[in-house]
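A.B. asks: We have chain A already, so just place chain B on it with the hints.
Protein sequence lines, in the order shown, are assigned to chains A and B.
Residues 1 to 225 in the working numbering are what the first sequence spells out, letter by letter.
Residues 1 to 225 in the working numbering are what the second sequence spells out, letter by letter.
Errors might be hidden in some of the hints.
The list treats identical chains as one, so a pair stands whether inside a single copy or across any two.
Straight-line Cα separation of at most 20 angstroms, EDC-like style, residue types lysine to aspartate or glutamate; simulated pairs [claimed, not checked]:
id : residue 1 : residue 2
1  : K196      : D170
2  : K10       : E30
3  : K37       : D85
4  : K37       : D58
5  : K88       : D61
6  : K196      : D171
7  : K37       : D61
8  : K2        : D44
9  : K88       : D58
10 : K213      : D127
11 : K88       : D145
12 : K10       : E211
13 : K2        : D61
No lab work stands behind these hints, which were simulated from the structure alone.
Keep in mind the model is a prediction, meaning the values are calculated, not measured.
Number of protein chains: 2
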Amino acid sequence: VKVAIVLFDKVTALDALGPYAVLAFTPGTEISFVAEKVGPITDDNGALTMQATRSFDDFTDPDVVIVPGGFITRRMVVTGHPAIDWLKKVQPQSTWMASVCTGALLMASAGLLDGMRATTHWAAYEDLEALGAIPEHERVIVHRDKGIVTGAGVSAGIDMTLRLVMEMLDDQTAQRVQLGMEYDPQPPFDCGSPLKAPPEMVATMRAGMAESKRKLLADLNPVTS
Amino acid sequence: VKVAIVLFDKVTALDALGPYAVLAFTPGTEISFVAEKVGPITDDNGALTMQATRSFDDFTDPDVVIVPGGFITRRMVVTGHPAIDWLKKVQPQSTWMASVCTGALLMASAGLLDGMRATTHWAAYEDLEALGAIPEHERVIVHRDKGIVTGAGVSAGIDMTLRLVMEMLDDQTAQRVQLGMEYDPQPPFDCGSPLKAPPEMVATMRAGMAESKRKLLADLNPVTS
Chain A
1 VKVAIVLFDK VTALDALGPY AVLAFTPGTE ISFVAEKVGP ITDDNGALTM QATRSFDDFT
61 DPDVVIVPGG FITRRMVVTG HPAIDWLKKV QPQSTWMASV CTGALLMASA GLLDGMRATT
121 HWAAYEDLEA LGAIPEHERV IVHRDKGIVT GAGVSAGIDM TLRLVMEMLD DQTAQRVQLG
181 MEYDPQPPFD CGSPLKAPPE MVATMRAGMA ESKRKLLADL NPVTS
Chain B
1 VKVAIVLFDK VTALDALGPY AVLAFTPGTE ISFVAEKVGP ITDDNGALTM QATRSFDDFT
61 DPDVVIVPGG FITRRMVVTG HPAIDWLKKV QPQSTWMASV CTGALLMASA GLLDGMRATT
121 HWAAYEDLEA LGAIPEHERV IVHRDKGIVT GAGVSAGIDM TLRLVMEMLD DQTAQRVQLG
181 MEYDPQPPFD CGSPLKAPPE MVATMRAGMA ESKRKLLADL NPVTS
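With the rest of the complex left out, here is chain A:
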């Protein structure tokens, strides 16, 4: 199974590397990190640089595509980005296209989620809806008939990819991977979802993200800046 994990400048690292961890433990996978050009890609924190091993032009026949997100995706869908064109191009012959977090915005922008139920980071439901998908508060949404999977924010990529392994292979393989990576999560708080966290914390974070988005897009639209 040829897996392509998409990278781009300012990607959120765990969006890409949670799925990578699951697939790296899955037998029979051959994983590439694919970007506009082969070479270094730095994440949204700025401290992590990863190597893209194949380019969009070179890798056109992946079986499975993982699309991570990051705050920058809000800008990528407005300005256009080679990753979006590549998703359109490879989708017809791929088996599975899977997004994590705001990677769903890139998938939607490529027209792959039109009129479909999909999930993304909880703070990006409106952005996803604006691109033609039907956002739902779910951890993972699988469209088996279309070969499309979407996962919620950042850490959901691990759950999403275990589901993908169940679909691609079988339950027992997914169980072995889960045991191998000792995925028996024990988060310190039950606050990882906007439905469970203190409402004022959700509101503050939402307002902060809206302001960050405004700044991110300001120079694209001088009227509102």
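C.D. replies: Chain B alone, transformed into the frame defined by chain A:
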């Protein structure tokens, strides 16, 4: 807070990058990836290459040190490795030293877990005990008085680092990070621990790892090879 995440050839990526994801969302952190030399480090799958941004010689005053694991640690503790010497050297002036998975073997080999309760990947309890620690089946073990934290296998680095943020800063910051990364885990099976997985699956995996370890160490001990 100056954070050092240790890297070495054949590291298990998520051991390092789960903690990174949490700390990258934590305000006030300045994260470096530290290795024997500045430059590329490839993980145990072989598909991911990350950049070490500082060297052990250069970075000697981290506040927080994250020590990931990987199967190769069994060999590193037998042959010796610059990472182990560096852990010994920086421990006295650091605030927190934290391991994920078999990173605990490197911490123990540096003498930092002598006679202390500690956790590691479930298949490495005997290896940890042989290095002088007291292995316990826990997700995270915190020794506040010593500034030492150990986490269980691979994915436990996320839980471990959220606990570390609670210790370093406060509960509310950890909650904000958890909400930001939408860490509301929903694994597909309840089999991520050897106490929960089918016993024959645990036994098969344990036997496979013992055989892999034998091969990994074979050329170091010609009598048993």
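A.B. asks: Hints numbered earlier in the text: which of these fail when held up against the supplied structure?
C.D. replies: none
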